[in-house]
Amino acid sequence: MKKLTLYPYESWTLDFGITQLTFASVVPIWQLVQFFQRGEGAFLSEDGQEVNLKKVVYVGDVATRFDYGKLYAKALSKVVGQQLDDVSLRELYEADRLLRSHVNRVLFENDLPGEIDDDWDASELLKYLNLRVEMPEQRDFYGIIESVIDVSQRLNDQRLLVFVNASLYLNEHQLQALAYDAYMKQVSCLFIDRGHTANFISGVGLKQHFIDQDFVEFVSDDANNE
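Here this note's numbering is used: the first residue of the sequence shown is 2, the next is one more, and so on.
Note that these hints are calculated values from the structure, not bench results.
What you are looking at is a predicted structure, and each value in this text was computed from that prediction instead of being measured.
Each hint should be verified, as a subset may be incorrect.
[Claimed, not checked] In silico lysine to any residue, SDA-like type, Cα no more than 20 Å apart, as pairs:
#1 K75 <-> D151
#2 K56 <-> Q159
#3 K56 <-> T6
#4 K3 <-> G40
#5 K55 <-> M2
#6 K186 <-> R160
#7 K56 <-> Y69
#8 K75 <-> A123
#9 K71 <-> N53
#10 K128 <-> E95
#11 K79 <-> L93
#12 K71 <-> M136
#13 K186 <-> A76
#14 K4 <-> V220
#15 K79 <-> L126
#16 K128 <-> V80
#17 K71 <-> N131
[Said to hold, decoys possible] What follows is a list of derived Cβ distance ranges for each label pair:
#18 Y129 <-> L108: 15 to 21 Å
#19 L130 <-> V88: 14 to 20 Å
#20 L108 <-> E41: 42 to 48 Å
#21 D119 <-> G42: 43 to 49 Å
#22 Y8 <-> D86: 49 to 55 Å
#23 Y94 <-> D141: 41 to 47 Å
Glycine included, every Cβ here is placed at the ideal spot set by N, Cα and C.
Starting from the given sequences, assemble the full structure and let the hints guide the process.
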């Protein structure tokens, strides 16, 4: 189970579903954003060991355009590679050899000072094919977040999803639905939000924390029962 630590606060447990951290001050929000973008100022751990930020999908503010392909290209390539059977791998290998032989012939016949790597790597062929995540078009912010959670589950991607300012675009029912969806699909999401008062709502997979201007933390009943 992952834990996020930001001085001077107690560590926050990040379980399946949504953990929502709402701050009255913008400073800790800025600190956490800096951490997830640059790896400085906070600490993410799992079973007491530091977690590399490669195990995090930082989406940020969903109102800002982001590239699904970059977020999930490696995860998709890994899954496709695992699903290729022996026959497919052999045929891909033969195709790779053919491509290399054509290039080598051109180099030789034209006396060109070039060479190509002879190593075989199926993942490189997938890059050549420009394999990327196909995301459905969404008309609202709820649909965008729902799609990201769904892709994580379908690719068996265990990385932590981090969203900023999500509560600006969601009503309470949507927040509850997303938390339940993430919980059932065993996806861990962190929502980092700004707010001036605690507004806790119950929901399966939803754990909420509110930190006021004096660093006093209030937690929802679900978070208290961890």
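Task: Proposed proximity, V80 with K128 (alpha carbon, max 20 Å) - done: Between K128 and V80 the Cα gap is close to 14 Å, so the pair holds against 20 Å.
Open item on the list: For a C-alpha distance cap of 20 Å, please report whether K79 and L126 respect it.
Closed with: 12 Å, holds
Task: Restraint check for K55 with M2, where alpha carbons must lie at most 20 Å apart - done: 16 Å, holds
Open item on the list: For a C-alpha distance cap of 20 Å, please report whether K75 and D151 respect it.
Closed with: Given pair K75, D151 holds - Cα atoms ~16 Å apart, limit 20 Å.
Task: Pair hint K4 and V220, alpha-carbon separation not exceeding 20 Å - done: Distance of about 16 Å is within 20 Å: holds.
- [ ] Sort out whether N131 lies within 20 Å of K71, counting only the CA atoms.
- [x] Roughly 11 Å between the alpha carbons, so the hint for K71 and N131 holds.
Task: Supplied distance hint 15 to 21 Å, evaluated on CB atoms of Y129 and L108 - done: 19 Å, holds
Open item on the list: For K75 and A123, compute the direct alpha-carbon distance and say whether it is at most 20 Å.
Closed with: Roughly 13 Å separates the two Cα atoms, so the pair holds.
Open item on the list: With the threshold set at 20 Å, check whether the alpha-carbon distance from K186 to A76 stays at or below it.
Closed with: At roughly 17 Å apart (the allowed maximum being 20 Å), A76 and K186 satisfy the hint.
Open item on the list: What's the verdict on K3 and G40, does the C-alpha distance respect the 20 Å limit or exceed it?
Closed with: 16 Å, holds
Open item on the list: Does the beta carbon distance between L130 and V88 stay inside 14 to 20 Å, or does it fall outside?
Closed with: 18 Å, holds
Open item on the list: Just to be careful, I want the Cα atoms of K71 and M136 compared with a cutoff of 20 Å; is the pair within it?
Closed with: Holds: K71 and M136 sit about 12 Å apart, inside 20 Å.
Comparing the model with each numbered hint stated earlier shows that all of them hold.
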